[in-house]
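Please model the complete structure; the sequences and the hints are all you need to start from.
For the sequence shown, the numbering used here gives the first residue as 168, with consecutive numbering after it.
Just so you know, these hints were derived from the structure itself, not from any lab.
Just so it is clear, the structure is predicted and the values come from calculations on it, not from any experiment.
C-beta atoms are modelled at their ideal positions from N, C-alpha and C, and glycine is treated no differently.
There may be inaccurate statements among the hints.
What follows is a set of in silico ranges between Cβ atoms, one per label pair, in the way DEER data are often shown [said to hold, decoys possible]:
1) VAL257 <-> ALA213: 34 to 42 angstroms
2) TRP239 <-> PHE212: 15 to 23 angstroms
3) ASP174 <-> THR225: 37 to 45 angstroms
4) SER183 <-> THR223: 34 to 42 angstroms
5) PRO182 <-> PRO214: 23 to 31 angstroms
6) TRP239 <-> ASN210: 14 to 22 angstroms
In the BS3-like style, the derived pairs of lysine-lysine whose C-alpha atoms are separated by at most 30 angstroms in a straight line are [what the hints assert, rightly or not]:
7) LYS189 <-> LYS278
8) LYS245 <-> LYS278
9) LYS245 <-> LYS189
10) LYS172 <-> LYS278
11) LYS245 <-> LYS172
12) LYS172 <-> LYS189
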Amino acid sequence: MSTIKLDHIELLVGPSNYETWKRGISQVLQGEGFWGHVEGDANLFAPFPVDPEPATPTAVTSADDLAAFRTWWTSDSKARTIIERRITPVTLSLLPHGVAVTARSVWEQLKVLY
Numbered sequence: 168m169s170t171i172k173l174d175h176i177e178l179l180v181g182p183s184n185y186e187t188w189k190r191g192i193s194q195v196l197q198g199e200g201f202w203g204h205v206e207g208d209a210n211l212f213a214p215f216p217v218d219p220e221p222a223t224p225t226a227v228t229s230a231d232d233l234a235a236f237r238t239w240w241t242s243d244s245k246a247r248t249i250i251e252r253r254i255t256p257v258t259l260s261l262l263p264h265g266v267a268v269t270a271r272s273v274w275e276q277l278k279v280l281y
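Okay, here's the thing in structure tokens:
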């Protein structure tokens with residue numbers, strides 16, 4: 168991933184600056200092409216359509232589908248990194264974590280918290 172400048176976005180500290188933080192992070196996610204991983208529009212012809220999590224591969228999954236699965240998870244990881252880079256450690260500790268946690272689940276948890 169090329170270096171994405173996020174210094175202009177406030178560090179999320181809580182409900183007091185959530186809306187400002189969300190606006191800045193949303194713009195970066197849209198600009199980098201990752202908005203569909205956290206929000207997006209159900210209309211596939213919208214500027215930012217939803218990019219849903221693909222099905223878990225099985226023994227009969229084609230090579231193309233497996234490649235698409237891996238590409239989706241790589242993109243989702245980049246989206247999650249953008250979100251988590253401007254969050255305080257305390258808030259970060261309240262969020263789901265692990266390799267199978269999606270950017271959408273982190274985004275949704277932040278909405279619930281703030």
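**OP:** Please write out, lowest number first, the hints stated earlier that are contradicted by the structure.
**Re:** none
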